[in-house]
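Colleague: Knowing the structure of chain A, use the given hints to seat chain B with the ligands on it.
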Amino acid sequence: MTINDFLNEKKKYVELSDFDSHFFDDIANRSKILTCIQCGTCTASCESGRWTALKTRIIIRKLILGDLSVLKDPDIWLCTTCYNCYERCPRDVKPTDVIIDLRNYASKLGNIHPVHRKVVDFLKATGHAVPINDKIKQMRKELDMEEIPPTLYKFKDEENSELTKYAKELFNLVPPKDEKEEVKDKGKKV
Amino acid sequence: MVQEKKYAFYLGCIMPNRYPAIEKSTRYVMEKIGYELLDMERAGCCPAPGVLRSFDKEDWMVAAARNICIAEKMDVDLLTVCNGCFGTLQEVNTQLHENEELRERVNLKLKLLGDYEFKGTIEVKHVAALLSIDIGPTEIQEHLVRRVNATTAIHYGCHFLKPSQVRQIDSPEDPTILEDFVEALGIKSLNFKQKYTCCGAGGGIKAAYADTSMTILSEKMKHISDVNPDFILDVCPFCHLQFESGQDWLKKNHDINYDIPVFHLSQITAYCMGMEERYMGLQYQNNGKKYELIPIEVQTND
Ligand code: SF4
Ligand code: SF4
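Those protein sequences? They're chains A and B, same order as listed. Note that this note's numbering has the first sequence beginning at 1, numbered continuously upward. Note that this note's numbering has the second sequence beginning at 191, numbered continuously upward.
Hints in this document: simulated from the structure, not taken from any laboratory. Don't take every hint at face value.
In silico SDA-like cross-links for lysine to any residue, where the CA-CA straight-line distance does not exceed 25 Å [said to hold, decoys possible]:
| # | chain 1 | residue 1 | chain 2 | residue 2 |
| --- | --- | --- | --- | --- |
| 1 | A | Lys118 | B | Lys247 |
| 2 | A | Lys135 | B | Arg468 |
| 3 | A | Lys55 | B | Tyr386 |
| 4 | A | Lys32 | B | Ser435 |
| 5 | A | Lys141 | B | Gln475 |
| 6 | B | Lys247 | A | Gly110 |
| 7 | A | Lys135 | B | Tyr386 |
| 8 | A | Lys32 | B | Lys247 |
These stretches of chain A come out as covered by chain B in the derived footprint (C-beta under 8 Å, 3 or more residues) [stated by the list, open to error]:
| # | region |
| --- | --- |
| 9 | 60 to 71 |
| 10 | 129 to 139 |
We put the CB at the ideal spot given by N, CA and C, even for glycine.
Looking at chain A on its own, in the form it has when it is part of the complex (with noise of 0.2 Å):
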């Protein structure tokens, strides 16, 4: 989905310092996360919490109000994914979850961090978050392994290889914000 897609589905332009009580209307297990008694076990659960400034129980309360400036709140981006929240919640909220979906959203406005960025490129270019380098073919070789393991970069040079459609289909990351303000001036200028 594009930016545009997404915020015409929103029907609005919406400005991120606004509340908006509908904007999350199609959040997944939203009758649940509604049920959230604020009791804070997320908060004490938290693996990231203990060290950070991430407050799940009150990401959780600013989402059921519609207070859009969680979406650009970095604190959402802590989050390891450790899902004891996740696990001890009393209302089966499933905090986790309801952060990767609020990080969506995020992505979605263009809110990602350029390191992340770099993961998603990684990932074009090679099929793996994580590619390989000469160090390791030597090493593979040393250990009496393939030098190259027979995942997608192997392919990669194939006639209308996988790679490419892959690449091309997946992760169409929103630019970030200045790119695409400056896309929109240019549009204006038209």
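Modeller: Frame of chain A, contents of chain B with the ligands only:
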């Protein structure tokens, strides 16, 4: 029914591209217990359940389904060696199995990637579950040529057991399967503080917020070093990478040199089954290079 005693061997990224010795060891173990591993040609990243799922859940699912389809076409269950790959592939396999509407949507997009259609005919298996439950600590003894006289700090990691309603392997709060299994290899598992906490690598933090990731790991390492184990034992190449790079980071930034070796369950099991020690690959790792395994030969019938 899929073919028995065979698995489609799903490699993922970190195992083949950073710790090939874990791949080597897994191949060795599987052959010894009588399974054939089939190559999954053109498989891709699982994709990672923390970082890549965060950008677009549906694309994540499509890419995962593509990997599952490769195994379906081979008519065998899929074997993974990594908690992250397991997390993704087992979850997507389960969701697409249960949710027809989702399956149709994913299948539509799969067509754009090649000749793929998710049918829901196979299971996704983690090698640690295969060894510790399906084979188990009793049967494994028939395959050992030596045991190891050692103590270890076991690290289950997160995605192997959680979310438990999807995984259905062991209790995530108080698991025992790995402790029971390594005991059969002669290894004593040590209790330590906050044993079941996260290594801090997941969720895309290691890439984007390295300091936070390392802070979480540092606490973990402190508790591990308190009980002075001979090695750390994990079941995930990503946790493995975190324990290795984390110890390097502590050396560099805080002058703390734990120098504790890190083994994946496959490596130590392969060694006990007779694999040459050099194939365990400790020489390529950064920590615990000087550690010497103390083998206890097992009397065999042949
Ligand atoms: S544990 Fe569940 S019910 Fe309690 S605050 Fe967190 S999300 Fe809400
Ligand atoms: S899954 Fe994320 S939010 Fe939940 S406890 Fe773990 S780190 Fe915290």
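Colleague: Each hint: holds or not?
Modeller: Hints and how they fare:
{"no.": "1", "hint": "A:Lys118 x B:Lys247", "verdict": "holds, 18 Å"}
{"no.": "2", "hint": "A:Lys135 x B:Arg468", "verdict": "holds, 17 Å"}
{"no.": "3", "hint": "A:Lys55 x B:Tyr386", "verdict": "holds, 21 Å"}
{"no.": "4", "hint": "A:Lys32 x B:Ser435", "verdict": "violated, 39 Å"}
{"no.": "5", "hint": "A:Lys141 x B:Gln475", "verdict": "holds, 16 Å"}
{"no.": "6", "hint": "B:Lys247 x A:Gly110", "verdict": "holds, 15 Å"}
{"no.": "7", "hint": "A:Lys135 x B:Tyr386", "verdict": "violated, 33 Å"}
{"no.": "8", "hint": "A:Lys32 x B:Lys247", "verdict": "holds, 19 Å"}
{"no.": "9", "hint": "60 to 71", "verdict": "violated (count 0)"}
{"no.": "10", "hint": "129 to 139", "verdict": "holds (count 7)"}
When held up to the earlier numbered hints, the structure conflicts with 4, 7, 9 and fits the remainder.
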